[in-house]
Each structure stands twice: as C-alpha cells, then as structure tokens.
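Chemist: Those protein sequences? They're chains B and V, same order as listed.
114 is the number that the numbering used here gives the last residue of the first sequence; the numbers go up by one with no jumps.
114 is the number that the numbering used here gives the last residue of the second sequence; the numbers go up by one with no jumps.
Worth double-checking, as some hints may not be accurate.
Dumping the calculated DSS-like pairs for lysine-lysine here, alpha-carbon to alpha-carbon at most 25 angstroms [to be verified]:
id, chain 1, residue 1, chain 2, residue 2
1, B, Lys-16, B, Lys-113
2, V, Lys-27, V, Lys-51
3, B, Lys-3, V, Lys-71
4, B, Lys-73, V, Lys-44
5, V, Lys-27, B, Lys-97
6, B, Lys-3, B, Lys-70
7, B, Lys-97, V, Lys-44
8, B, Lys-73, B, Lys-3
9, V, Lys-44, B, Lys-38
10, B, Lys-70, B, Lys-38
11, V, Lys-51, B, Lys-3
12, V, Lys-27, B, Lys-38
13, B, Lys-3, B, Lys-97
14, B, Lys-38, B, Lys-113
15, B, Lys-73, B, Lys-97
16, B, Lys-97, B, Lys-70
17, B, Lys-97, B, Lys-38
18, V, Lys-44, V, Lys-62
19, B, Lys-97, V, Lys-51
20, B, Lys-16, B, Lys-70
21, B, Lys-38, B, Lys-3
22, V, Lys-51, V, Lys-71
23, V, Lys-62, V, Lys-51
24, B, Lys-16, B, Lys-38
Facing chain B, from chain V, some residues (calculated, C-beta under 7 angstroms) [what the hints assert, rightly or not]:
id, residue
25, Gly-42
26, Leu-43
27, Tyr-48
28, Ile-55
29, Asp-56
30, Met-60
31, Phe-65
32, Met-103
33, Phe-105
34, Pro-107
35, Gly-108
Note that these hints are calculated values from the structure, not bench results.
All figures in this text were calculated on a predicted structure; none of them were measured in a lab.
The beta-carbon is built from N, C-alpha and C at its ideal position, and this holds for glycine as well.
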Amino acid sequence: AQKITQTQPGMFVQEKEAVTLDCTYDTSDPSYGLFWYKQPSSGEMIFLIYQGSYDQQNATEGRYSLNFQKARKSANLVISSSQLGYSAMYFCAMREKGNNDMRFGAGTRLTVKP
Amino acid sequence: NAGVMQNPRHLVRRRGQEARLRCSPMKGHSHVYWYRQLPEEGLKFMVYLQKENIIDESGMPKERFSAEFPKEGPSILRIQQVVRGDSAAYFCASSPPRETGIMFFGPGTRLTVL
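Can you make the complete structure from the sequences, with help from the hints?
Modeler: Structure representation (structure tokens):
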C-alpha cells in the first residue's frame, strides 16, 4: 500500500533563507510519480513540481527543487531564498502507475518570517 | 486557458438536505478526480471518472454519495441527506489521459452543514 510521510507539522524560515521540507514514501511499484503542492490560506491547491521515478535528474522549477533519493524513498522539497508569500501548507503526494488516485501526506505548514 | 473550475465555492446546507458540487476540467483533460479535505488534514481520494464512466470509486462512502461525469457538462458530486460530518472542502482535479500525469486542482468547494 502507498504511504506518504511528512514528519514536520510546521517549519519556520527566515525570509531569503533556504528550507527543506521532508517527504518519504513507501511503494513496491517501480513506476510512480512524486508531486508537491502548495496550499495557501486561500485554500486552493497549487501544483509546484513533479518527479518521475525513472527521472535521472532532480526536478527543478524556479526556486523549487526536489531532492529525489530513490534508494531512501525520499522526495524532499527544497525552497531556495524563501519569500513571504511562500507561507502556506505544503503537501507531498505520490501516484503509482496504474493507480487511479494520488495519495497525499499530512502536510507541512511553512511560515516565512520577515 | 482556463484552469479547473468548481462551483459553488461555498455551500451551506442544513442536515438532511442535498449538496451538489460541480467541476469542469481543464480543456483537453478527460480524467476527473474528486478529493475531500477535512480541516488540518491532507486530501483523501474519493472517486475517479472519465466521460460517462466511473473508473474507481473506492474512496467514496457507500451511502449518500454519488458522482457522475456526463458526456456534456460538468462532473457532479452529489451528497444526499447531508450530515455535519460531511462538512469539508471538496476538491476536483483533472489530468490529461496519461498515467502518473500531473493533476491540476480546482479552487475547491467548502461545504458547511448546519
């Protein structure tokens, strides 16, 4: 069964500093996708970044990068140079090939301090 | 290029009434998913549909909940005889017809049952 674990309920970071949000997953399927979503206080779910299980390079999208360590089954989100507007809940998610649903972790609430 | 549309954004119902939540997927997306989010929790999968077909409803409560995605028009999530425990945010997502495809979420419908 799939399982996504985010061990940090809350994180604080100073503006312009980097921060890493942890995510580990559990699957026996060799083909899967890993995703990070941001949910600000307004409530919408915003797609940030995607990593395929066969991708050789770590995914990057602007200030976001995904530190993919396949052997450890971890997919940490790295935010470089945090901005005040980055304060939000961040969810890690996984979707196995052939599985219809995407499973979400419990989320990490990131607060960026000025 | 409009994103996933959901309406209404907020819905208030009294116990025993029916709730109808609508979702229009992104253009070119033929896969629709419904998720439920309780306060301070991650998203939980409910149902996956393609046009005129329910593909996977393993996350949907067996009673009172139903979903459809007709040939024409939006996908509908219907909750009959609502109870207070149905109060949650309901998100619709769509993805292109490709496995491990990225899901794009709508803004959600916040259902409050009085």
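Chemist: Now, for every hint given, state plainly whether the structure supports it.
Modeler: Comparing the hints with the structure gives:
1. Lys-16/B to Lys-113/B: Distance of about 9 angstroms is within 25 angstroms: holds.
2. Lys-27/V to Lys-51/V: Since the Cα atoms of Lys-27/V and Lys-51/V sit roughly 13 angstroms apart, the hinted pair holds (cutoff 25 angstroms).
3. Lys-3/B to Lys-71/V: violated, 34 angstroms
4. Lys-73/B to Lys-44/V: Distance of about 22 angstroms is within 25 angstroms: holds.
5. Lys-27/V to Lys-97/B: It holds: about 23 angstroms lies between the C-alpha atoms, which stays within 25 angstroms.
6. Lys-3/B to Lys-70/B: Distance of about 15 angstroms is within 25 angstroms: holds.
7. Lys-97/B to Lys-44/V: holds, 18 angstroms
8. Lys-73/B to Lys-3/B: Status holds; Cα separation ~11 angstroms.
9. Lys-44/V to Lys-38/B: With Cα atoms ~16 angstroms apart, Lys-44/V and Lys-38/B stay inside 25 angstroms; holds.
10. Lys-70/B to Lys-38/B: holds, 23 angstroms
11. Lys-51/V to Lys-3/B: violated, 29 angstroms
12. Lys-27/V to Lys-38/B: holds, 22 angstroms
13. Lys-3/B to Lys-97/B: holds, 15 angstroms
14. Lys-38/B to Lys-113/B: Roughly 17 angstroms between the alpha carbons, so the hint for Lys-38/B and Lys-113/B holds.
15. Lys-73/B to Lys-97/B: holds, 16 angstroms
16. Lys-97/B to Lys-70/B: Status holds; Cα separation ~16 angstroms.
17. Lys-97/B to Lys-38/B: Distance of about 23 angstroms is within 25 angstroms: holds.
18. Lys-44/V to Lys-62/V: Distance ~15 angstroms between Lys-44/V and Lys-62/V Cα, so the pair holds.
19. Lys-97/B to Lys-51/V: Cα-Cα ~21 angstroms, so holds.
20. Lys-16/B to Lys-70/B: violated, 29 angstroms
21. Lys-38/B to Lys-3/B: holds, 19 angstroms
22. Lys-51/V to Lys-71/V: Since the Cα atoms of Lys-51/V and Lys-71/V sit roughly 6 angstroms apart, the hinted pair holds (cutoff 25 angstroms).
23. Lys-62/V to Lys-51/V: holds, 21 angstroms
24. Lys-16/B to Lys-38/B: Distance of about 18 angstroms is within 25 angstroms: holds.
25. Gly-42: holds, 4 angstroms
26. Leu-43: Cβ of Leu-43/V sits 5 angstroms from chain B, so the hint holds.
27. Tyr-48: At 4 angstroms from the nearest chain B Cβ, Tyr-48/V passes the 7 angstroms test, so the hint holds.
28. Ile-55: At 6 angstroms from the nearest chain B Cβ, Ile-55/V passes the 7 angstroms test, so the hint holds.
29. Asp-56: Because about 4 angstroms separates Asp-56/V from the closest Cβ in chain B, which is inside the 7 angstroms limit, the hint holds.
30. Met-60: violated, 11 angstroms
31. Phe-65: Status violated, d = 16 angstroms.
32. Met-103: holds, 6 angstroms
33. Phe-105: holds, 4 angstroms
34. Pro-107: holds, 5 angstroms
35. Gly-108: The hint holds - Gly-108/V has a Cβ within 7 angstroms of chain B, the shortest such distance being about 6 angstroms.
Figure legend: structure checked against the earlier numbered hints; hints not met, in rising order: 3, 11, 20, 30, 31.
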